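Line order of the protein sequences matches chains W and Z. When we follow the numbering used here, the leftmost residue of the first sequence carries the number 43, and every step to the right adds one. When we follow the numbering used here, the leftmost residue of the second sequence carries the number 43, and every step to the right adds one.
Honestly, the hints are just simulated from the structure, not real lab data. Just so you know, these numbers come straight off a predicted model, no measurement behind them. Please note: incorrect hints may appear among the correct ones.
Since the list gives no way to pick out one identical chain from another, each pair is judged satisfied if it fits inside one copy or across any two copies.
[What the hints assert, rightly or not] Subject to a maximum C-alpha distance of 20 Å in a straight line, what follows is the list of computed SDA-like cross-link-like pairs (lysine to any residue):
{"hint": "1", "residue 1": "Lys208", "residue 2": "Gln72"}
{"hint": "2", "residue 1": "Lys145", "residue 2": "Pro129"}
{"hint": "3", "residue 1": "Lys213", "residue 2": "Leu73"}
{"hint": "4", "residue 1": "Lys145", "residue 2": "Leu204"}
{"hint": "5", "residue 1": "Lys145", "residue 2": "Asp132"}
{"hint": "6", "residue 1": "Lys208", "residue 2": "Gly148"}
Number of protein chains: 2
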Amino acid sequence: MSFLIDLQERSRLVDEALDKYLPSSEAYPQLIHEAMRYSIFAGGKRLRPVLALAAAEAVGGSAERAMPVACALELIHTYSLVHDDLPAMDNDDFRRGRPTSHKVYGEAMAILVGDALLTLAFELTAKAGETVAPELANRVTLEIARASGSCGLIGGQVVDTLSENKSIDGKVLEYIHRHKTGALFKAAVRSGAIISNASHEQLEALTVYASQMGLAFQIKDDLLDIEGDETIIGKPVGSDIKNQKSTYPSVYGLEKAREMAFSAAAEANEALKIFGSKGEFLRSIMHFIIHRDH
Amino acid sequence: MSFLIDLQERSRLVDEALDKYLPSSEAYPQLIHEAMRYSIFAGGKRLRPVLALAAAEAVGGSAERAMPVACALELIHTYSLVHDDLPAMDNDDFRRGRPTSHKVYGEAMAILVGDALLTLAFELTAKAGETVAPELANRVTLEIARASGSCGLIGGQVVDTLSENKSIDGKVLEYIHRHKTGALFKAAVRSGAIISNASHEQLEALTVYASQMGLAFQIKDDLLDIEGDETIIGKPVGSDIKNQKSTYPSVYGLEKAREMAFSAAAEANEALKIFGSKGEFLRSIMHFIIHRDH
Numbered sequence: 043m044s045f046l047i048d049l050q051e052r053s054r055l056v057d058e059a060l061d062k063y064l065p066s067s068e069a070y071p072q073l074i075h076e077a078m079r080y081s082i083f084a085g086g087k088r089l090r091p092v093l094a095l096a097a098a099e100a101v102g103g104s105a106e107r108a109m110p111v112a113c114a115l116e117l118i119h120t121y122s123l124v125h126d127d128l129p130a131m132d133n134d135d136f137r138r139g140r141p142t143s144h145k146v147y148g149e150a151m152a153i154l155v156g157d158a159l160l161t162l163a164f165e166l167t168a169k170a171g172e173t174v175a176p177e178l179a180n181r182v183t184l185e186i187a188r189a190s191g192s193c194g195l196i197g198g199q200v201v202d203t204l205s206e207n208k209s210i211d212g213k214v215l216e217y218i219h220r221h222k223t224g225a226l227f228k229a230a231v232r233s234g235a236i237i238s239n240a241s242h243e244q245l246e247a248l249t250v251y252a253s254q255m256g257l258a259f260q261i262k263d264d265l266l267d268i269e270g271d272e273t274i275i276g277k278p279v280g281s282d283i284k285n286q287k288s289t290y291p292s293v294y295g296l297e298k299a300r301e302m303a304f305s306a307a308a309e310a311n312e313a314l315k316i317f318g319s320k321g322e323f324l325r326s327i328m329h330f331i332i333h334r335d336h
Numbered sequence: 043m044s045f046l047i048d049l050q051e052r053s054r055l056v057d058e059a060l061d062k063y064l065p066s067s068e069a070y071p072q073l074i075h076e077a078m079r080y081s082i083f084a085g086g087k088r089l090r091p092v093l094a095l096a097a098a099e100a101v102g103g104s105a106e107r108a109m110p111v112a113c114a115l116e117l118i119h120t121y122s123l124v125h126d127d128l129p130a131m132d133n134d135d136f137r138r139g140r141p142t143s144h145k146v147y148g149e150a151m152a153i154l155v156g157d158a159l160l161t162l163a164f165e166l167t168a169k170a171g172e173t174v175a176p177e178l179a180n181r182v183t184l185e186i187a188r189a190s191g192s193c194g195l196i197g198g199q200v201v202d203t204l205s206e207n208k209s210i211d212g213k214v215l216e217y218i219h220r221h222k223t224g225a226l227f228k229a230a231v232r233s234g235a236i237i238s239n240a241s242h243e244q245l246e247a248l249t250v251y252a253s254q255m256g257l258a259f260q261i262k263d264d265l266l267d268i269e270g271d272e273t274i275i276g277k278p279v280g281s282d283i284k285n286q287k288s289t290y291p292s293v294y295g296l297e298k299a300r301e302m303a304f305s306a307a308a309e310a311n312e313a314l315k316i317f318g319s320k321g322e323f324l325r326s327i328m329h330f331i332i333h334r335d336h
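In isolation and in its complexed conformation, chain W is listed as follows (with noise of 0.2 Å):
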């Protein structure tokens, strides 16, 4: 139950942050601030920015001086979602029970919003180096920019976008999922340690720790499509099958998707020994992700 508690206090101190570095919706032009803002605060888990700033503290670094770096992978984050929901893509009206952004302001700003989410991240990195050496925050722009560009998250939409209506095998399934999910969520976990100044040893204890979190991630994601309950998800269950959408239940079958998530959750917190009590929180949002009913 503390663990809930700190979630939502560091969740908090994230949507405070966030808070600040937007422009604010008097800025002109005003309606690119506003729609920047209706997208970013529509109530999203603030998972990423948590899971940076919670790898900073697991190095023995500040959360306070990741911050810029947490808020960037949020933003990142919500562009790739403003631009999925476009018609020409995912064609999305509703998102967390909130029409989409293109619903409320027209798809020229939404696609405008998602341009300028993602640039704004790479001013927040940059940022960064005004209270941390600027290597370390150059070394951040690179790793968000690697994990985020066309050989990343950028990556798994295209082939997701290209495996449509298609069947397609395990390999390209994990492709899609460790690129169009899983290389934001190491990034952010890499990231937050970076800017820490994380020894060789940690990073590498960190990337395996992001990498199975990941995977555990999306198969609970997958999982709860088809268990979940529809009024705690906010979206409807079974969408992935009435869309022909290959995830991993359709792929191993439900018992062995459990089961590799489960593997996947245990190989997390191995990784996690290194950091003794200082990955506690790690270990938790871990514990959270493949427990959660949403």
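Given chain W, put chain Z in place with the hints provided.
Chain Z alone, transformed into the frame defined by chain W:
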């Protein structure tokens, strides 16, 4: 004449570098890399990268070390064109006589291509830190992110979109151009200088140059749409009038607009005085811009 040969040679070097920095079209997922290359190698003038290289040389720096930054600016310029051309934005089927990205690869891919080019730009600014002090690379990331964001290039795009089919005054017109075109020109010149460790005085002078040059460029663009030769420009003249677009000639009249362009060019050249002969190439670029026929 030797300036044009020089310009061609530099733009060739930029093309070579872009070819090196862009993922190969064999890299998975191939389609997006092919599409990124389609838009990048579409016969642009490479004005922004050439400006960055020229600014680097003006302050005594090396064009070679400024190359990643120069290419980052071309990536951002190209991404903004790809997204601008989308059906939800300007809905252009052709650019420079070739079908636009979404006409060839579809809308979803064109959105992702733009996103990927923008993201790669920041990978390059960060990478610049491998051959110069990371602090300088970090400052360039900040400079380019600000110039391209919702209070820069994207801001100009937003106001332009909102002003369509509306009569606007000189103030709004200036905002659009100073942001939609001017901001990236300024960032190009300043980034080339920053990455070369320019002094404060040098940077100030180049900022004035870039600002006036950007203004002259835009007015000239508007003038060409009225006075230009369709077969040389490669697009129909008079399209601004047809689209009821506000331009410098439509707001100020033809004669006054011409005067404004020449006066901006003169101020740009004035600012270059402190560089002596090292400012020669920047001076030639200004001359080229104001006298170009396309």
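- Could you place Lys208 and Gln72 in one of the four classes (within, between, both, neither) given a Cα distance threshold of 20 Å? Classified as between; 18 Å across copies, 42 Å inside a copy.
- Item | Within, between, both or neither: Lys208, Gly148 at alpha-carbon 20 Å | Between copies only: 18 Å across, 30 Å inside.
- Query: Between Lys213 and Leu73, at a C-alpha cutoff of 20 Å, which is it: within one copy, between copies, both, or neither?
  - Reply: between (43 Å within a copy, 18 Å between copies)
- Are the CA atoms of Lys145 and Leu204 at most 20 Å apart within a copy, between copies, both, or neither? Cα proximity of Lys145 and Leu204: across copies only (17 Å, versus 25 Å in one copy).
- Using 20 Å as the alpha-carbon threshold, which applies to Lys145 and Pro129: within, between, both, or neither? both (10 Å within a copy, 16 Å between copies)
- Copy assignment of Lys145 with Asp132, given that the CA separation must stay at most 20 Å: both (13 Å within a copy, 19 Å between copies)
Figure legend: structure checked against the earlier numbered hints; every hint is met.
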